[in-house]
Amino acid sequence: MENSKSRWLGIGLQVGAVLLALVFTSIILLIVNTPPIQAYITILRGVLIDNSGHIYQEGIANTLVAWIPLLLASSGALVTFAAGLWNIGIEGQVILGGIFTTWVLRLLQDSPMPAWFIILVGFAVGVIGGALWAALAGALKTYGGVNEIFGGLGLNFVATALNIWLIFGPWKRPGIASMSGTSPFPDRLWLPTLPGLRLSPWSLVIAAVAFAVVYILLNGTYFGLQIKAVGKNNKAAFLMGIPTSRYRMTAFLICGSFAGLAGAVQVIAVYHRLIPSISSGYGFLGLLVSMLVNYSPTWVPLVALFFAALNIGSIQLPIVLKVDSSLSGVIQGALVLSVLMVDGLRKRLVGRFAGGGQ
Amino acid sequence: MNLDTLLVGLAGILTAAAPVVIATIGETITERAGIVNLSVNGSIILSAMAGFVVAVSSHSLVLGFLAGAVVGAVVALIVAFSSITLKVSQVAVGFVLTLMTRDMAYFLGDPFMSVSGPIVPALPIPGLEKIPILGTLFFNQDITVYLSFLTIILAYVYIFKTRSGLVLQGIGERPAAAFVRGANVNLMRYVYTMIGGALVGLAGPIYSLNVKAGWKGTISGLDGIGWIVLAITIFGGWNPLRAALGAYLFAFLQWLGLVIQPSLPNVPSQVLQVAPFPLMILTLLLVNIGNAEWVEQTLARLPEETRRTAARVLRAMRTSPPASLGVPFDNE
Chain A
0 MENSKSRWLG IGLQVGAVLL ALVFTSIILL IVNTPPIQAY ITILRGVLID NSGHIYQEGI
60 ANTLVAWIPL LLASSGALVT FAAGLWNIGI EGQVILGGIF TTWVLRLLQD SPMPAWFIIL
120 VGFAVGVIGG ALWAALAGAL KTYGGVNEIF GGLGLNFVAT ALNIWLIFGP WKRPGIASMS
180 GTSPFPDRLW LPTLPGLRLS PWSLVIAAVA FAVVYILLNG TYFGLQIKAV GKNNKAAFLM
240 GIPTSRYRMT AFLICGSFAG LAGAVQVIAV YHRLIPSISS GYGFLGLLVS MLVNYSPTWV
300 PLVALFFAAL NIGSIQLPIV LKVDSSLSGV IQGALVLSVL MVDGLRKRLV GRFAGGGQ
Chain B
0 MNLDTLLVGL AGILTAAAPV VIATIGETIT ERAGIVNLSV NGSIILSAMA GFVVAVSSHS
60 LVLGFLAGAV VGAVVALIVA FSSITLKVSQ VAVGFVLTLM TRDMAYFLGD PFMSVSGPIV
120 PALPIPGLEK IPILGTLFFN QDITVYLSFL TIILAYVYIF KTRSGLVLQG IGERPAAAFV
180 RGANVNLMRY VYTMIGGALV GLAGPIYSLN VKAGWKGTIS GLDGIGWIVL AITIFGGWNP
240 LRAALGAYLF AFLQWLGLVI QPSLPNVPSQ VLQVAPFPLM ILTLLLVNIG NAEWVEQTLA
300 RLPEETRRTA ARVLRAMRTS PPASLGVPFD NE
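The listed protein sequences correspond, in order, to chains A and B.
Counting from 1, position 41 in the first sequence corresponds to residue 40 in numbering that gives the first Met the number 0; the numbering is continuous, with no gaps.
Counting from 1, position 10 in the second sequence corresponds to residue 9 in numbering that gives the first Met the number 0; the numbering is continuous, with no gaps.
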């Protein structure tokens, strides 16, 4: 009885949280004189329906293109969150993945090696790049006492600068250096895409496999159990003989690898070159996705898909309604914030019921 | 470089540092009470936008500054309510807010992009501005700079020299003891979080109406400053004087970057702009490394003389946070 009551309370509050976020973003929209319903419809149409009323293949495909790096970043964030770490540096780790991949592809693009092999090396080196950047944040935390939030954040800015320096300096296009990035790679090094779309089925496979790995790692292995123990109570885990520093470093390395993979996907499958905004905020968004699902993997693919759809749909906002596309960030933030707050409210109410019953 | 240009440069550093000083002292007050407000970066951007929009629409600089402070206080109220009343993780709430308020600023400020707005006028202090050197540095500034000086002094005196400042320290260090002595810990945490937030929010319009006048959306050059503020709060050891020193050091290094940029034509300006961030990591490393286990072990193996000197140097740099920073307080 009591149990089902508190479950209904939980579901009711979840719905309340979503409504709260919706009310908040509607107010924001009213401030700039935009009818909220029209804005939401514009976002939805931007994903699903084209101007002539047909299914919008490109919108759906682009949503999946955005979903792939976001799912990779979210999967990585799950691992560091499980270890009790705030890896804000995912953003920079994605960038370093992109930089490393670009570096090795530039070296090998004119070599006689088969294309599939070069692409494979590109992915592997991207993973290493992301992992190394994460290791730096991890080492600062573990051996230097620098909080990973500041270490990671500082390294994000450094990664951005490094990226821009490479694009405008040593790797600039012959003649012109521009925000459009480095020279594109020969098309034999592009991952094959669906006809007429930017979406590569290979990237989908990569993201799905990566998520499955994290899911099994966290929910089905002894390693997952121990890393959660470190996250829940570092000191207790240490006293029980778990080498906590090593586990936290491993969590950083795993997360960085996924972020690096995301960077590699962006370079090899999406842009075919290095661009200044290679990470596009997916690192931060991945953290928000994990927070929204209370750090448990099950719903991550779905929530990541929803967030990706918001990003893609919002691109239509400036075109159709003349308002900025950053609305997607407001909606995402409002959702996570209200879910966090409502969860706190639920714990308080449940605690009060329990207290009253005694 | 002659003395006059140097003096003008140094005076410019004091101007550029004013918002950083005020925001850092705001965060210092909040953290002194035991609450981390991680939303600083977004708060500054949103309050810069709000302050600019209000000042442009109302033709009043004062209302602009007020709007910035109110925005900062409201964001801080959300942090306080979530973490004190709902006991949600302060880091989680602050992190979401820092991202959300930034996007809100870009979204709501879009119609005011590149609109021309008012700028805080210079306000030389009669008489005092004529003093050689000191006059140019300190008394030929504008009101925001005088406000930053005042904030440093008031915050320092309040925290360390008054009774209520002592209670403030108490609720951040040992809230249970403060509670037993009659302090309403959670109410005071609300109040100090909002005061701190208002100061952080004041920094926004100081940028958009003075230091980096105008609103240019994502290229306003404000993204990142809030993180530096949070780092300087740690560097400053939760002491307004040391925090101000950190802010001036930061502004000096930024100025240095601008000065040496022309002699490095191959380095894109974006690269020099991020120079503060590796420095931020480095300073945090310096103030924290003394706490690391391996450092203690290494020190123990050194010869006595060297060990003592090294330990003294590390201790001088080390800062430690209020003991109950980030820990919710339950008075049951």
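Note that these hints are calculated values from the structure, not bench results.
Accuracy of the hints is not assured; some may be wrong.
Now the stretches of chain B that chain A is said to cover, found in silico as 3 or more residues with beta-carbon under 8 Å [stated by the list, open to error]:
no.	region
1	101-115
2	207-214
3	217-230
Computed from a predicted model, the values in this text were never measured in an experiment.
Each residue gets a CB set at the ideal place from its N, CA and C atoms; glycine is no exception.
Structure-based check of each hint:
no., hint, verdict
1, 101-115, "holds (count 8)"
2, 207-214, "violated (count 0)"
3, 217-230, "holds (count 4)"
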